[in-house]
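Make the full structure from the sequences, and use the hints.
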Amino acid sequence: MMQAGDGTSANEGVKQPLASGGDESAPSGTEPAKNTTEMYRRIKTPSTSAPGPNTDASVRTVFLNDFVQNTALYANGTNVVITSKYTVFSFLPKFLFESFCKVANLFFLVVSILQTIKPISNTYGVPTNAPTLLFVICIDAVFAIMEDRRRHKSDNAANSATCHVVVNNAIEDRLWSQVKVGDILQVRNREVIPADVLILSVEEPDPSVPSGICYVETKSLDGETNLKLRQALPATMGTLRETHDLDKIKGTVVCETPNPYINKFAGNIDVWVAGQDWPKEPLSIKNILLRGCTLRNTDWVYGLVLNTGSDTKIMQSASSAPTKWSDVMITLNKCIGILCIGLMVLCSVAATVFVTWQNEIAKEAWYLQGSQARSKVVIETTGQAVQQWFTMCFYYFLLLYQVIPISLYVSLTTVKFLQAMFMAWDLHMYHAESDTPAIVRTMALNEELGQISYIFSDKTGTLTCNVMDFRKCSIHGVSYGSGLTEIGRAALKRAGAPIPPEPKPDPSVKPIPYVNFVDPALDAAMRGDAGPVQQERCHRFFEHLAVCHTVIPEKLETGEIRLSASSPDEQALVAGAQYMGYKFESRAVGKAVVDVQGQRRMYEILEVLEFNSTRKRMSVVTRLPTGELYLYTKGADMMIYARLSPASKALEDITSSHMEQYADDGLRTLALAVKKLDDATFDAWAARYRAASGSLDELEKRKNGVPNAIDDLMEEMESNLELIGATAIEDKLQTGVPECLSTLSAALIKVWMLTGDKEETAINIGYACALLDNSIVQVIINMDNCPTPDAIRAKLAQAATEYHDKAGKDRYALVIDGEALEVALKPGMKADLLGLAQYCVAVICCRVSPAQKAEMVMLIRDHIPEARTLAIGDGANDVAMIQAAHIGVGISGQEGMQAVNSSDYAIAQFRFLQRLLLVHGRWNYMRISKVVLYMFYKNITLVLAQYWYGFLSGASGSKVYWEVGVQVYNIFFTGLPIVVLGVLDQDLPDYMSVKYPTLYQTGPSRSLFNFYSFFRWLGAAVYESLIIFFVMVYGYNSSLNSVGSESRVEYGMVAFTLAVIIVNLKICLIMCNWTWVPRVTWWLSVLSWFLVVWLGTSVLTFVARIKIGYDEFGAFVPTFESGSYWLIIVIGATIALGRHFSWNQYQRLFSPELYQILQEAVLIDKQQTQRVTIANMEDQREFSVSLNDVTADERSKFQLEDTVGSLPSGAAFKKPSRPGITRRNTGFAFSYDEPTTLEESFIATNHVAPNAPTEHRNSFRNLAQQPLVESNSGAGAQ
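Just so you know, full-length UniProt numbering puts 725 at position 725 of the sequence shown, and the rest follows in order with no gaps.
No wet-lab data here; the hints were simulated from the structure. Quantities reported herein were computed from a predicted structural model and do not represent experimental measurements. Backbone N, C-alpha and C define an ideal beta-carbon position, used for all residues, glycine too. Heads up, some of the hints might be wrong.
[Said to hold, decoys possible] As a list, the in silico DSS-like pairs of lysine-lysine whose alpha-carbon atoms are at most 27 angstroms apart:
id	residue 1	residue 2
1	K732	K616
2	K732	K219
3	K180	K219
4	K649	K616
5	K649	K675
6	K85	K324
7	K591	K676
[Unchecked claim] Per label pair, the in silico range of CB-to-CB distance:
id	residue 1	residue 2	range
8	R151	A432	26 to 32 angstroms
9	L492	A684	52 to 58 angstroms
10	T162	L1084	47 to 53 angstroms
11	I1070	F135	55 to 61 angstroms
12	F67	K219	29 to 35 angstroms
13	L92	F1120	38 to 44 angstroms
Shown next as structure tokens:
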């Protein structure tokens, strides 16, 4: 320990070697640093400025208080951040390049180019497709500009923000964009950090005893809402108080080059302070304020800018989310491939027919004999035949290319954009308490929401509120706390037992947030009514809770103290101590101030042994105000019990039984233990521990998970503990979770709950949220009942065999813990795990790591590729799972925004998932399926009618349609109605989708869009194109006895009108919800054809001057005035659509789908409601949808016999035995953040401990409570 006379305070620590100041949590998958150079090596993008000639390229050198040298090194450096993709000058080339990287756009660009080649062009060399392609690209450009404009606004806001720069010993306000490497900044409370800054000094509560502590909020960086601790350099923290103090400081920082690791920093500084040298002072992340963070609870900070702009860690770590494709889009691309093959076949057939006609038939044509035309028409040689075949192939390709609709992707983008707006506007998914609407971050997956088969859900903060309440505790064998949790009440309800009323709190006691504790017996024990021994134990218990933690007190502007904890559990425990008279007030380096029943007491924190996923416990060594030295330890019961002294055995049994009772109530538990120390023993241990903590070799061993002296010394200290009790914290279920999960299960969606909680808690929460019930056979696998891989495999195989032997009549649920899951996920056993899990109605994985969550998602994705998965969570530990699933849903909860930022959709409450999937998901899947199939259908119908006409003239490829009409066909004549359908169509009202969840199965079963439905629509297009061709040829002729005698131009007008009328009438047969919007757009589309063709062929004379419009000019009006024209339209449309209409009526009458039955029920309900008059309003029945008219066959068809009716009462169930459950361990309830824990552990001690890097360790249910046959009045509405 350095002395104060050396220029540092007694609270400052010994200097650490450079490489020891590094990771708070090194990213998984990265190699440990072998030496300084490798640690400094650049990770991602190059710096904005190259190092000078005298600097090492593998490190970054910044000079403190030396403007000239910094300018020489970083003259080109800038703090301007650009996240936008385009500028005014780069937009056109960059956007065009990106646009033509899309296969569809490239396809139509090739078409436009080929149209300019006259030998194969049917448009006289005019690229008529180009204007349409330009329009489509312009629509894409509008969306791109809108998206990039938001980025520009964000960039401008950041770059134009002001900060405070020290210039010539004075503070100047400058823009963020003007900040340079080497600048000295003053950052004030609640200001955002403009660059990566090395902390030089902070505002001190007591300048005579500088601590260098400041607080920072990193929510924008990592999504976490709790405050983090940072500390100024020991050498400068007490010197730099005013701007003129900069004259006393010089130095050189040598640090790592820019990299994306936000929890890691390595470097050192040679600093000269007021005549004293501080060589090679180590730097770590605790000394750095990163760009984007917010300074909190600290008046000001002076710092040296190390990285700016794109070199900052937040910009280096910025990465795009993984690209996800919906199942519909994957199938769509395959359909386009099929159409391309079909197009080549059609072209080949037509070219072959043409060559055959020229080579065989034209030779015998009497009218060509002896004419000059014969030599041009008849093919004489094989070479000519081959040349003509290829020419005609390309010619037909340009004639038929619109078989692939040019507007397909633009229409889909427009539809999905509007769908996303309506989803965000849905008030049923708006959370008023937090003012949070639903957020659509990836609109490309809208229809995928309607095809989900598996949901992977986190528990804490997702199913539960993640707002912990201190509920119960066990102190020295006595359990305190009354009342029932939600899970306890659910258990009593299942058993048919009476539910006692909740106890009322004492109105004279002021309520405290995060505490829901009622028990006068504990107050009496604290007063000594239960004896002095129990009184001392109770006081020791709550003193333990008030001191053994890493909570940070934050002083709000109102003067109120708010506790900021790395986990809600910590917050509840400290609040519980405050409720009982031990109020944690403030923290200094190595000290904690606690108000004990009105008296302020100072506790000296000598060591903090941090919590991590391996240790599952934390400890502090503290010197009490009495001078006594104690070790306070809390953690998972299994970890604490294994380290107890023999004298605690009797108390262990009693406490263990209490913890089991708490676990049955769904409470999260921790065990507490103490150990009295003597100074000599502690001093000897501390010397060895600090030496090991400063050893690079030991740090590397610990980081790599191998035995090391640091862990051994922690184990040595945490031995022979004395148990004093346990805590129980409640994490309440979110509102509506049981109903939501029950409805999702009724929709045949399998829900897997993945949680870090203990087995008993997970099972009880499974009951409380309706994942489990007493009729489900539970298969429980853990390392107690299945200690070996062979035992796990045997139990999985046995359960799967039993399931199949019963032909799936019994419902199964799998409960497996993290240790067993680690074995089951090995390559050789995945098939065994999946062999049971895929048939379970629910899977509960407890005590799992974030990596295991993602592995479970990939287990389904890799082995059941047809299944669509959805992962939902609220914390940073859910990000891997969210990104691994087909759809990731983030919940904006208590754990920050990292899950939301990584998600595709975001909601505020789990219950909104029901509406997101069953309503919007089902609607969107239905709509997009119709849009895609219709887009193919309408173009194939138009193109094939042209194709059939070609065979009237020896497959010469005569163009029958007006070219202008063809080019705007997809935009003006058929574009609007299908977009409206894709946005507004509803087959049933939204409440029906929730009331009858089996409707959702159309998505997972892919019944609306698959290759069968594609070929059905393809067949319909072929049929209707043939009707157009034959009705046109046989029905519209100038001569009664001559088929095909009318002119090509008039045929074209008839055929095109038939195509427009038929494909628009088709919309009427597939749209379910006809409001004024689809009606208006339908009439606009149909009438626009007549308006455009009249203007183009009669009014706008310049069209006649264009070759592509010359033939048709003047042809429409005579055709339009012809009576036979209108008769042909009526006859053609009737024959073409009569088949579809007749089939619809037959199917609805004799083989209806469930949604059709429900449509009729809704209609009956509306009609009966409309009959109610004001006169009998008081006597009216409450009408509701009734299905009393559903026949037995229909019930069997839709599997309604097993799904109809209310859920049976709990008394009717017989609780099955649950083999394999042994409650030896009740787990622990201590959510944590390892990087934060390390920082807090460092600052809570009274010496500068090194930040040791640690490695992250990584179907059919009952319909939801609503019967199909129901009526509030007791009689169904008929």
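T162 versus L1084 beta-carbon gap, inside 47 to 53 angstroms or not: Check passed, 52 angstroms falls within 47 to 53 angstroms.
27 angstroms Cα cutoff - pair K85, K324: 20 angstroms, holds
Restraint status (C-alpha distance of K591 to K676 at most 27 angstroms): 19 angstroms, holds
Range hint 38 to 44 angstroms (beta carbons of L92 and F1120) holds or violated: 43 angstroms, holds
Range hint compliance [Cβ, R151 to A432, 26 to 32 angstroms]: 30 angstroms, holds
Distance restraint between K732 and K219, which requires alpha-carbon spacing of 27 angstroms or less: Since the Cα atoms of K732 and K219 sit roughly 24 angstroms apart, the hinted pair holds (cutoff 27 angstroms).
Hint check for F135 and I1070 - Cβ pair distance inside 55 to 61 angstroms: Check failed, 26 angstroms falls outside 55 to 61 angstroms.
Distance restraint evaluation - F67, K219, Cβ atoms, bounds 29 to 35 angstroms: At 34 angstroms between Cβs, range holds.
Distance restraint hint 52 to 58 angstroms, applied to the beta-carbon atoms of L492 and A684: 54 angstroms, holds
Hinted pair K180 and K219, Cα distance within 27 angstroms: Satisfied, since the Cα-Cα distance of roughly 25 angstroms is no more than 27 angstroms.
Hint consistency between K649 and K675 [alpha-carbon to alpha-carbon, up to 27 angstroms]: Satisfied, since the Cα-Cα distance of roughly 15 angstroms is no more than 27 angstroms.
27 angstroms Cα cutoff - pair K649, K616: OK: K649 and K616 at ~21 angstroms, within 27 angstroms.
Figure legend: structure checked against the earlier numbered hints; the only hint not met is number 11.
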